[in-house]
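Listed below, chain by chain, are the residues.
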Amino acid sequence: MNIAVCVKRIPKTAEADIFIEKDGKDIKKDNLVFALNDWDGYAVREAVLLKEKYEGEVIVLTIGPEESKEVLTRCLAMGADRAVRIEAPSSSDGHLIAKILAQATKGQSFDLILTGVQAEDDGWGQVGVALAQLLGLPHASIVTHIEVENGKAKVRRELEGGIEELLEVKLPAVLTIQTGINEPKYVSLSAILDAEDKETKEVGLEEIGFTSKAPLDATIDQVSFPPTGKMAEILKGTPEEVVGQLTEIIKKKKG
Amino acid sequence: MKIDPKTFIHDYQLNICIQCGTCTGGCPVKFRSPLNMRRLVRETHLTDNFSSISKRAELWACTTCSTCSLRCPSGVKNVELIMGIRNFLANKGEVPSTIRDALENTLLQGNPWGRFRDRRADWAQDLGVKIFGEETSETLFYVGCAPSYDPRVQSVSTSLVRIFQKAGVDFAILGKKESCCGNEIRRMGEQALFKKLAKDNTALFKKLGVKRIITISPHCYNAFKNEYPDLNIPVQHYTQVLVDLIEAGKLHLSKELGISVTYHDPCFLGKQNKVFDEPRKILNSIPGCDFIEMERSRERSLCCEGGGGRMWAEGGTEGKRNGEIRIREAVALAAKTLATACPFCLLTFEDSVKTSGLAEQIVVKDIAELVMEALEVQ
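Chains as they are written, first to last, in the working numbering: chain A, 273 to 527; chain B, 450 to 827.
There could be a bad hint or two in this list.
Under the rule of at most 30 Å between Cα atoms (straight-line distance), these lysine-lysine pairs were calculated in the DSS-like manner [claimed, not checked]:
#: 1; chain 1: B; residue 1: Lys645; chain 2: A; residue 2: Lys284
#: 2; chain 1: A; residue 1: Lys470; chain 2: B; residue 2: Lys645
#: 3; chain 1: A; residue 1: Lys284; chain 2: A; residue 2: Lys300
#: 4; chain 1: B; residue 1: Lys644; chain 2: B; residue 2: Lys655
#: 5; chain 1: A; residue 1: Lys325; chain 2: B; residue 2: Lys451
#: 6; chain 1: A; residue 1: Lys341; chain 2: B; residue 2: Lys625
#: 7; chain 1: A; residue 1: Lys526; chain 2: A; residue 2: Lys508
#: 8; chain 1: B; residue 1: Lys479; chain 2: B; residue 2: Lys541
#: 9; chain 1: B; residue 1: Lys644; chain 2: A; residue 2: Lys284
#: 10; chain 1: A; residue 1: Lys341; chain 2: B; residue 2: Lys644
#: 11; chain 1: B; residue 1: Lys455; chain 2: A; residue 2: Lys470
#: 12; chain 1: A; residue 1: Lys294; chain 2: B; residue 2: Lys625
#: 13; chain 1: A; residue 1: Lys341; chain 2: A; residue 2: Lys371
#: 14; chain 1: B; residue 1: Lys645; chain 2: A; residue 2: Lys300
#: 15; chain 1: B; residue 1: Lys541; chain 2: A; residue 2: Lys323
#: 16; chain 1: A; residue 1: Lys301; chain 2: B; residue 2: Lys645
#: 17; chain 1: B; residue 1: Lys803; chain 2: A; residue 2: Lys525
#: 18; chain 1: B; residue 1: Lys541; chain 2: A; residue 2: Lys473
#: 19; chain 1: B; residue 1: Lys526; chain 2: B; residue 2: Lys769
#: 20; chain 1: A; residue 1: Lys523; chain 2: B; residue 2: Lys803
#: 21; chain 1: A; residue 1: Lys341; chain 2: B; residue 2: Lys541
#: 22; chain 1: A; residue 1: Lys508; chain 2: B; residue 2: Lys803
#: 23; chain 1: A; residue 1: Lys284; chain 2: B; residue 2: Lys626
#: 24; chain 1: A; residue 1: Lys473; chain 2: B; residue 2: Lys645
#: 25; chain 1: B; residue 1: Lys644; chain 2: B; residue 2: Lys723
#: 26; chain 1: B; residue 1: Lys803; chain 2: B; residue 2: Lys785
#: 27; chain 1: B; residue 1: Lys644; chain 2: A; residue 2: Lys457
#: 28; chain 1: B; residue 1: Lys451; chain 2: A; residue 2: Lys470
#: 29; chain 1: A; residue 1: Lys300; chain 2: B; residue 2: Lys626
Hint data in this document are derived by calculation from the structure and do not stem from the laboratory.
Produce the complete structure using the sequences and hints provided.
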């Protein structure tokens with residue numbers, strides 16, 4: 273069973289101080305650390321688990337500049353067999369990313385193509401589904417469980433309100449993987465150092481035959497912080513004072 | 450890097466174990482987990498199925514306090530064995546999820562909590578501290594991860610800065626450039642990451658022309674002093690520096706504190722590095738500080754369970770925590786303050802004071818905080 277996993281290198285913003293670039297179109301990234309998109313980590317782990325069960329090969333792909341190689345190295349350390357980096361400027365247009373990935377994967381004998389549900393940074397959640405459409409393949413999104421049997425994948429999807437949907441999808445198919453589908457293993461530094469010796473294929477857009485110059489579906493006009501809500505009250509003072517104020521508020525609200 | 454468990458016999462001298470049981474007898478988590486060091490040594494020596502041994506959850510209960518290795522009459526390297534097995538597991542990716550996150554955070558952000566690297570020196574913002582890169586000094590005040598980010602321990606960092614400033618000590622901190630020392634990383638089994646941190650930190654210290662290092666944490670002190678292969682820069686724990694300053698008459702501890710205080714020896718300062726007298730000398734120099742010695746003191750100090758990666762481990766032990774036992778021992782001595790000199794001890798005891806319901810009877814302080822209080826002029 274051959275599996276392609278499409279991954280992305282993203283900046284970690286959860287703990288960081290965020291500033292907006294002068295042109296207002298992006299956040300400043302020079303002080304941020306970058307990592308493999310969380311959802312993609314689960315997708316790669318799932319691909320490796322499927323490979324261990326059904327044999328075959330796991331290929332990871334990413335689109336991005338030179339620095340993106342580090343996430344491919346991590347995927348190789350996680351057990352992927354081969355890695356491909358498609359050299360292209362980063363883009364927030366999920367449709368364009370899907371078109372490039374479709375061009376890179378079409379005609380190859382993948383049984384499954386996995387992506388994360390969405391990227392931690394721009395969070396469009398488009399690429400997997402658009403990729404399936406472009407390749408003419410069936411798809412399932414927000415997948416939390418996969419079993420493969422007789423050329424079909426039985427998958428569970430996470431719906432709202434704690435409901436799960438059980439689907440049967442004919443292979444080849446595209447699945448977008450939800451966090452929690454598996455328990456990610458620790459990727460040791462020595463495994464990463466060993467993976468640096470494995471080959472990462474680097475290709476340009478022209479090499480994969482991608483020539484589309486169609487205008488972008490989406491461009492970013494402006495990014496901004498959400499307006500401060502009026503309902504929130506920030507208590508000020510020493511911890512002791514704050515606790516005092518907080519207890520008073522809770523007493524009042526609870527009667 | 451493949452690890453062959455067969456080399457453990459030679460590497461950790463398992464074949465000279467006489468099965469006396471001194472290791473298990475002194476183990477501070479013996480009553481709190483199924484970890485049995487005597488059995489582990491013999492089983493690892495004789496087994497032909499190492500992977501079944503390596504799957505035991507209790508391997509993560511060890512705090513690496515080193516009581517077992519220090520007391521072993523034969524010289525078995527028990528704690529190194531635990532770290533060797535953990536290294537075997539880390540390389541296979543089979544570590545508990547909270548340990549996994551701590552290790553990944555350290556690679557990414559330079560601290561096990563995954564806090565933002567750029568915020569590492571926020572605590573020092575208004576203190577007028579020199580930062581390497583902007584200014585220079587021969588003395589590096591290496592702050593460490595917990596004292597940089599944990600609000601409780603930041604008070605120790607702040608106290609020490611004020612004390613050094615008052616005593617006219619010339620020093621600088623690394624600010625955002627400071628990374629984890631790796632002491633706990635090595636103990637959680639990530640030897641390769643430890644080596645990288647040691648190499649990068651050593652290169653940074655040398656590039657900046659550091660001639661002396663002062664640490665807050667005994668864990669950082671231990672890493673720099675004993676485990677960095679190419680450092681060759683003298684390292685002092687802050688208690689050693691404070692004793693020198695007091696003895697040289699550069700610190701005038703003038704304010705009467707009027708407290709009864711006992712002292713808990715941190716494992717990485719006391720039994721592992723034999724710094725026993727300095728903390729006691731400092732406490733005895735503080736006016737109105739009635740010092741009471743604990744029965745289990747110095748080499749016999751009971752581990753607080755904060756070491757060996759336990760700060761990031763979940764569960765694996767049961768029953769009353771050693772921290773609570775320690776708090777009760779201190780209260781039984783009628784001490785109103787339990788002093789220590791380690792960020793992890795401070796944090797585990799702060800928790801224990803609350804869980805034992807004894808917060809009305811005793812407070813936990815770092816020695817640096819007591820010195821700061823004694824310096825303050827009303």
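Given the hint that Lys300(A) pairs with Lys626(B), does the C-alpha gap stay at or below 30 Å? Holds, at roughly 19 Å.
Is the hinted pair Lys294(A) and Lys625(B) satisfied, with a Cα-Cα distance of at most 30 Å? holds, 24 Å
Need the status of pair Lys644(B), Lys284(A): alpha-carbon distance at most 30 Å? holds, 25 Å
Does the structure keep Lys473(A) and Lys645(B) at a Cα separation of 30 Å or less? Given pair Lys473(A), Lys645(B) holds - Cα atoms ~27 Å apart, limit 30 Å.
30 Å Cα cutoff - pair Lys803(B), Lys785(B): Judged against 30 Å, a Cα distance of about 15 Å means the pair holds.
Lys644(B) and Lys457(A): Cα distance at most 30 Å? holds, 21 Å
Hint check: Lys645(B) vs Lys284(A), CA-CA at most 30 Å. Holds or violated? Status holds; Cα separation ~22 Å.
For a C-alpha distance cap of 30 Å, please report whether Lys644(B) and Lys723(B) respect it. holds, 25 Å
Checking one constraint from the list: CA of Lys644(B) to CA of Lys655(B), max 30 Å. Satisfied? holds, 16 Å
With the threshold set at 30 Å, check whether the alpha-carbon distance from Lys284(A) to Lys626(B) stays at or below it. Holds - the C-alpha atoms of Lys626(B) and Lys284(A) are around 18 Å apart, at most 30 Å.
Pair hint Lys301(A) and Lys645(B), alpha-carbon separation not exceeding 30 Å: holds, 25 Å
Within a Cα-Cα threshold of 30 Å, do Lys479(B) and Lys541(B) meet the stated pairing? Holds: Lys479(B) and Lys541(B) sit about 27 Å apart, inside 30 Å.
Of the numbered hints stated above, none is contradicted by the structure.
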